[in-house]
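J.: With the hints as constraints, model all of the structure from the sequences given.
Next come the chains, spelled out residue by residue.
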Amino acid sequence: METTKSSNEIAQIELDIIENILTAVMDPEIEIDIVNLGLVYDLKYDGEQTVLITMTLSTPSCPMGDSIIQDVRQSIKNKYKDFEVDVNLVFEPRWHSGLITPEGKKMLG
Amino acid sequence: MNGLQTAHAPSPKVVVPHFIAGGLAFLVMAVLMFLSASEWISLYYHPKLIAITHIGVLGWATMIALGALYQLIPVIYETSLYSEKLAKITFLLYVISLVLLSYSFWITSYTNLLFYSSLLMFFSLLLFVINLVMTYKKSNKSSIQSKFIASSIYWLGATELLGTLIAMNFKLNFLSDSHLHYLKVHAHLGMIGWFLLLIIGASSVLIPMFMISHETQTKKLNISYYLINLGLIGLSVDWLFFNSIYGIYFCSALIILGIAFYLSFVYKVFKTRLRKKLDTGLKLSVMAVVFLLIPVIISLYLIGFKADSQEVIRVSMNYGLSVILGVISTLILGQIYKTLPFIIWLERYQKYVGKYKTPLPRELYSEQLAKIQMYLFLPAYILMMNGIFFEQLPLLKAGILMLIVTAFINLYNILKIVFHKVQLKELQ
Chain A
1 METTKSSNEI
11 AQIELDIIEN
21 ILTAVMDPEI
31 EIDIVNLGLV
41 YDLKYDGEQT
51 VLITMTLSTP
61 SCPMGDSIIQ
71 DVRQSIKNKY
81 KDFEVDVNLV
91 FEPRWHSGLI
101 TPEGKKMLG
Chain B
1 MNGLQTAHAP
11 SPKVVVPHFI
21 AGGLAFLVMA
31 VLMFLSASEW
41 ISLYYHPKLI
51 AITHIGVLGW
61 ATMIALGALY
71 QLIPVIYETS
81 LYSEKLAKIT
91 FLLYVISLVL
101 LSYSFWITSY
111 TNLLFYSSLL
121 MFFSLLLFVI
131 NLVMTYKKSN
141 KSSIQSKFIA
151 SSIYWLGATE
161 LLGTLIAMNF
171 KLNFLSDSHL
181 HYLKVHAHLG
191 MIGWFLLLII
201 GASSVLIPMF
211 MISHETQTKK
221 LNISYYLINL
231 GLIGLSVDWL
241 FFNSIYGIYF
251 CSALIILGIA
261 FYLSFVYKVF
271 KTRLRKKLDT
281 GLKLSVMAVV
291 FLLIPVIISL
301 YLIGFKADSQ
311 EVIRVSMNYG
321 LSVILGVIST
331 LILGQIYKTL
341 PFIIWLERYQ
351 KYVGKYKTPL
361 PRELYSEQLA
371 KIQMYLFLPA
381 YILMMNGIFF
391 EQLPLLKAGI
401 LMLIVTAFIN
411 LYNILKIVFH
421 KVQLKELQ
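Protein chains in written order, with our numbering: chain A, 1 to 109; chain B, 1 to 428.
Note that these hints are calculated values from the structure, not bench results.
Please note that the accuracy of each hint is not assured.
[Unchecked claim] Over the 12 Å line for every Cβ pair with chain B, so calculated as not near, a few chain A residues:
no.: 1; residue: Ser7
no.: 2; residue: Ala11
no.: 3; residue: Leu15
no.: 4; residue: Glu19
no.: 5; residue: Asn20
no.: 6; residue: Glu31
no.: 7; residue: Leu37
no.: 8; residue: Leu43
no.: 9; residue: Glu48
no.: 10; residue: Gln49
no.: 11; residue: Leu52
no.: 12; residue: Cys62
no.: 13; residue: Ile76
no.: 14; residue: Ser97
[Claimed, not checked] Below, a list of computed lysine to any residue pairs in the SDA-like style, where the Cα atoms sit at most 20 Å apart:
no.: 15; chain 1: B; residue 1: Lys141; chain 2: A; residue 2: Thr101
no.: 16; chain 1: B; residue 1: Lys277; chain 2: A; residue 2: Thr101
no.: 17; chain 1: B; residue 1: Lys219; chain 2: B; residue 2: Ile256
no.: 18; chain 1: B; residue 1: Lys276; chain 2: A; residue 2: Leu99
Positions of the beta carbon are idealized from the N, C-alpha and C atoms, including for glycine.
T.: Next up, the structure:
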C-alpha cells in the first residue's frame, strides 16, 4: 500500500513536469503555448514509460498542425528519451475560445 | 496525419514562384504607371493603361491568387492538388503569355501579337481551371467557402473567354458591338466573379482563423453567395443582350446586398475575435474588407447619376482603382505576410521543431518595413484617387511614387522570406 502511494506520487510529479514541458510548445502563428490555448484535453502517464496526450488544434485545417504535434513529441523526448509519446489528435469536442486559460487570454492582448 | 492539411500541402516549388513573380509585377506596374501617367490621366481605356491594368490584374493579383490557391486547397477542400506538374506548366505558360500580352497592349499591337498572346493566356488559365475543378471534384468537403472558391474559378474561365474573344475580334472582327461594351462586361466578370467571390471564399476561412473567432453561422455567407452569383449572371446577360437600365439597377442591387451580407459576417467575426492585437498583415486584411465600400459607393454614383462624359471617365478610373488597388491589392499585401512566411517556415524548420530553438514565422521578414509599407500604401491610394478625380498630375505622380516604394518593400520582404537561411539555436 505504501509502495503504490509512492508510485502514484512519482507519477503525478512526472505528469506535472510533462505539463510544464508542454507549456513551452508554442503555436507558431498564434504565439501562445498549447496548454494556455486549451489545446491539451487530457494527459496520462502509465507510471512506466508511456505518455498519452489527447489534444486538438484550434481548427482541423490548422496549417501548423503537424509541426505542433512534432514539437509535443520531441519536447517530451528531449527530457525522457526512452518514453513512448502517443498523441491522440481529436476534433470532438471542438476547440472553442472558452478553453483558453485567463493567462492565454491576457497573451492575446 | 489524421486529415491534417499539411499532408496535402503542395511543394513550395509550386507556390513560391507565384509570390516572387507577383511581387515583381506589382513593382513593374507601379513604375510603368509613373512613366506614363501624363498619357492616361484623362483618357478612357488608353492602351498603356490597359497594359498596366493587365500587369496589375494578371501579373500581380491573379498571380498571387493562383499561388495562394494552390496552398489553400488543402485547407478548404481537405484534399491535395490534382496535379502539381500541371501547376508548374501553367505557371510557365502564364508568365510567357502575360509578358507578351502586356507588351502587345503597350505597343498597341492589337492584330497579331495580342491575338496569339491572348490565346496562350486563355490556354494557361484553362489549365489552371481544369486543375482546380478536378481537385474540387475529388474532394468530399462541401462548405460555403469551397462553393465561393469553385464559382470564382468558373467566373475566371468566363472572364478569360470573353477577354480572348475581344482580343481575337481585333483581327477577325466578328463581335456586333463596340470593344468598349464587351470590355465593361469582361472587367466586371473579373472584378466581381473572379476576385470578389475568391476574396469572400478565402477570407471567410482565413479571417476567423487568424483572428481566433468561432463565428460558425454561415447563413449570411450562403445568402451572399446566391445574391452575388445571381446578380452577376443577370448583369452579364443584361449587358450582353438587352442593356436595360432596370435590369442593371436590379442586378446591381442584388450584388450590393450580397456584399452587405458578407460585410455583416466579417463584422461579427471582428466583434467576436479573441485576438485583439492585430499585426500588419491582419490590419491590411481588415482594411481591404472595409475598402469594399468604396467601389460600392462609386458604382452607385455611376449608376444613379447622369454624369457628363469627362466625369464618367474620371469616376470610372477611380472605380477600377478602388477595386484593384483599394480592395484586391490591400488584401494581397496583408495576406502575403499571413501565408508566405508559414510556407517557407514549414519547409525550412519543420524537421528541427522541438530539437532546436527556431525563429518564429513572423521573424522571417521585417515587420518594421511591413508597417512602413502599410503607412505608405494608404496615402498612395488616397493621393492617386484624388489625382485622377481632380486631374492633378503632381498629386497622381506623388501617389504613384509612394506606391513604387510600397511595391519595392513588398518585393524586398518577399525575397527576404524566400531566401531566408536556416538559423538554429540550441535549446536551453
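J.: Compare the structure with each hint and give your call.
T.: Hint by hint, here is what the structure shows:
no. : hint                    : verdict
1   : Ser7                    : holds, 28 Å
2   : Ala11                   : holds, 23 Å
3   : Leu15                   : holds, 19 Å
4   : Glu19                   : holds, 16 Å
5   : Asn20                   : holds, 14 Å
6   : Glu31                   : violated, 7 Å
7   : Leu37                   : violated, 9 Å
8   : Leu43                   : holds, 17 Å
9   : Glu48                   : holds, 22 Å
10  : Gln49                   : holds, 18 Å
11  : Leu52                   : holds, 15 Å
12  : Cys62                   : violated, 7 Å
13  : Ile76                   : violated, 9 Å
14  : Ser97                   : violated, 5 Å
15  : Lys141(B) <-> Thr101(A) : violated, 32 Å
16  : Lys277(B) <-> Thr101(A) : holds, 17 Å
17  : Lys219(B) <-> Ile256(B) : holds, 17 Å
18  : Lys276(B) <-> Leu99(A)  : holds, 17 Å
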